[in-house]
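Number of protein chains: 2
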Amino acid sequence: MESVTVYDIAREANVSVATVSRVLNDTAPVRASTRQKIIAIIEKHKFQPNALARSLVNKKTGMIGMLIPDSTNMFFPEVFGGAEIAAQKLGYTLFLCNTFSNFDRESEYLSQLCERQVEGLIFMGGRVNARHCPDALVQEVVNIQSRIPIVLINGSLPGNPCYQVKTDEYAGTQLVVQHLINQGHRHIGFLGGNSETTTTLEKLRAFRATLALNDLHFHKKNVLFGGFSMQNGHHLMDRFMTMTNRPTAILCINDYTAIGAMKSAISHGVRIPEDLAIAGFDDTQLSSAMNPELTTVSQHSERLGIRAMEILSRLIEKEKVKKVTVLEPKLIIRQSTQS
Amino acid sequence: MESVTVYDIAREANVSVATVSRVLNDTAPVRASTRQKIIAIIEKHKFQPNALARSLVNKKTGMIGMLIPDSTNMFFPEVFGGAEIAAQKLGYTLFLCNTFSNFDRESEYLSQLCERQVEGLIFMGGRVNARHCPDALVQEVVNIQSRIPIVLINGSLPGNPCYQVKTDEYAGTQLVVQHLINQGHRHIGFLGGNSETTTTLEKLRAFRATLALNDLHFHKKNVLFGGFSMQNGHHLMDRFMTMTNRPTAILCINDYTAIGAMKSAISHGVRIPEDLAIAGFDDTQLSSAMNPELTTVSQHSERLGIRAMEILSRLIEKEKVKKVTVLEPKLIIRQSTQS
Numbered sequence: 012m013e014s015v016t017v018y019d020i021a022r023e024a025n026v027s028v029a030t031v032s033r034v035l036n037d038t039a040p041v042r043a044s045t046r047q048k049i050i051a052i053i054e055k056h057k058f059q060p061n062a063l064a065r066s067l068v069n070k071k072t073g074m075i076g077m078l079i080p081d082s083t084n085m086f087f088p089e090v091f092g093g094a095e096i097a098a099q100k101l102g103y104t105l106f107l108c109n110t111f112s113n114f115d116r117e118s119e120y121l122s123q124l125c126e127r128q129v130e131g132l133i134f135m136g137g138r139v140n141a142r143h144c145p146d147a148l149v150q151e152v153v154n155i156q157s158r159i160p161i162v163l164i165n166g167s168l169p170g171n172p173c174y175q176v177k178t179d180e181y182a183g184t185q186l187v188v189q190h191l192i193n194q195g196h197r198h199i200g201f202l203g204g205n206s207e208t209t210t211t212l213e214k215l216r217a218f219r220a221t222l223a224l225n226d227l228h229f230h231k232k233n234v235l236f237g238g239f240s241m242q243n244g245h246h247l248m249d250r251f252m253t254m255t256n257r258p259t260a261i262l263c264i265n266d267y268t269a270i271g272a273m274k275s276a277i278s279h280g281v282r283i284p285e286d287l288a289i290a291g292f293d294d295t296q297l298s299s300a301m302n303p304e305l306t307t308v309s310q311h312s313e314r315l316g317i318r319a320m321e322i323l324s325r326l327i328e329k330e331k332v333k334k335v336t337v338l339e340p341k342l343i344i345r346q347s348t349q350s
Numbered sequence: 012m013e014s015v016t017v018y019d020i021a022r023e024a025n026v027s028v029a030t031v032s033r034v035l036n037d038t039a040p041v042r043a044s045t046r047q048k049i050i051a052i053i054e055k056h057k058f059q060p061n062a063l064a065r066s067l068v069n070k071k072t073g074m075i076g077m078l079i080p081d082s083t084n085m086f087f088p089e090v091f092g093g094a095e096i097a098a099q100k101l102g103y104t105l106f107l108c109n110t111f112s113n114f115d116r117e118s119e120y121l122s123q124l125c126e127r128q129v130e131g132l133i134f135m136g137g138r139v140n141a142r143h144c145p146d147a148l149v150q151e152v153v154n155i156q157s158r159i160p161i162v163l164i165n166g167s168l169p170g171n172p173c174y175q176v177k178t179d180e181y182a183g184t185q186l187v188v189q190h191l192i193n194q195g196h197r198h199i200g201f202l203g204g205n206s207e208t209t210t211t212l213e214k215l216r217a218f219r220a221t222l223a224l225n226d227l228h229f230h231k232k233n234v235l236f237g238g239f240s241m242q243n244g245h246h247l248m249d250r251f252m253t254m255t256n257r258p259t260a261i262l263c264i265n266d267y268t269a270i271g272a273m274k275s276a277i278s279h280g281v282r283i284p285e286d287l288a289i290a291g292f293d294d295t296q297l298s299s300a301m302n303p304e305l306t307t308v309s310q311h312s313e314r315l316g317i318r319a320m321e322i323l324s325r326l327i328e329k330e331k332v333k334k335v336t337v338l339e340p341k342l343i344i345r346q347s348t349q350s
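Chains as they are written, first to last, in our numbering: chain A, 12 to 350; chain B, 12 to 350.
Among the hints, erroneous ones may be present.
If several chains are the same, the list does not tell them apart, and a pair holds so long as it fits within one copy or across any two.
Below are the DSS-like pairs computed for lysine-lysine, each with C-alpha atoms no more than 27 Å apart in a straight line [what the hints assert, rightly or not]:
#, residue 1, residue 2
1, Lys-341, Lys-57
2, Lys-232, Lys-57
3, Lys-71, Lys-57
4, Lys-57, Lys-331
5, Lys-48, Lys-329
6, Lys-48, Lys-231
7, Lys-177, Lys-333
8, Lys-231, Lys-334
In case anyone wonders, no lab produced these hints; they're calculated from the structure.
Since we're looking at a predicted model, the values are computed, not measured.
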């Protein structure tokens, strides 16, 4: 585990670091004999032409950092997969960091990525979806952005300092709620998410507005917050199951809670969609794998990642880019909502 | 997007790079007035105490690279999640790279990670599961390993140059095949994977051996290779469905193919498990979400990641570690195989 630096190479070759750098980066001519001597030393030590040293000189690393909140909710790896495809095409290398939506962990990764001189950042989850993001955490991002570009996916920060790529979650929610109403449902529940997350509140606003548009009454007791996982969905549906006058259709905050909710309903002997319609959100590859297949809203997860990476690349090249890019969601109707 | 290096700071402060480094890293005393001058310049430029420069001096980056073949097969994000938990505890930052099992992309990431002076690597998929790994690709890993430790998860290379953490996939396969036989099945199929992947071949060997141990005949036509995705599983089960004397139980290469296979079987009007038993492998969180729930073999995905990261950390600290660490698999019996 020998670790040799440009300094060691320079010392051994009895030349300056700049000369080693010129050989490594081929940025200026070096006398052939000197060049050969340096290359021989590099090979002897199996020296890795050092991106650290190189980037100190070139100020280019080709490295992009991406923060996601939860690697085990398929939606995020799918977005990452899209960003990875674009990164590969554009000549960037993408490093993924998993934050568990923990603000401290986010700060740690942001700091680490910046110290390693990434050329740009893609940020999802955690603070960029927080209803009340503490000033210091906003400022941290703003400070970073004074040096390198940042693109948020499906998120924002107070004052909107950052470029954004997002799905119109409001429109997506309208589509699916209207679909449930068109199927004859008058008593619709809302399951999952939490009141501190902007995406949840956005979907809830659209949910209420669509009910109102159809002259349907909004019942607060039909909204059960409680997280984003399969387990959360299962527990919340267990609670719906105990209600005396329970909804005939339930919109879940995402596919994962919907899958948990379906399992709970089935275990209570409830038939889907005959007794209860269930819809998800995200159109992860799971939604079509379920039995019955899940009605959901496509966020074009892969395309979100591709667009974010493309925009980041243009920002790095100092091109002009629209501040907010919106992708239109698409309603995907499957078995879980239509008999 | 001002980009300032230690060199710029040193020049402006009229001190050596070493002095700036001493202030940044707090490795040796610096005169108070000099220290203040340097800090003022650092703050003026919003200079990010530079891990690049720092690591040139300290030769420590705290950075670990992890390569996985497919971020959209939940098994890998689950292993990554475990490694992330351990990394956080041990004070490392983990950067995930998605290779799509593409050898060139692997080489690109390996090179990038090494150039960025990661302190260690965790490697899954692609070449470390290749039946015939080209010499040059083996040599590339061996060369890297002469400088930094590498831990393979569920993989190996010819000559076994690397440390390994793995599930005993042979034993896991024995467990599930024996379970199917104990349920009364005499005619069992094998679905998915491919003949160029070591994990597939290992499972197939155990499959055949367990049949033989129970005096059951192995029929080559009951083995259908063809990939690792849900779609692959669906297509392969479609083919089983057209067989005249088809198996009464099918072992799938992983949970994803099993989920696709279940969908296909159900769409053919086949009841699971009454008409056909189906088992998966991996015990991803999907397996218990399915309807019916999927019998599978737990690889302790999270624990695989935790163990790999722990071992890597010990190797970085130059401690002695067993070359191969084996986790025992666990059979998880659910609805898809028992009436």
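Starting from the hint list further up, note which numbers the structure goes against and sort them upward.
As far as the earlier hints go, 1, 2, 5, 6 and 8 are violated by this structure, in ascending order.
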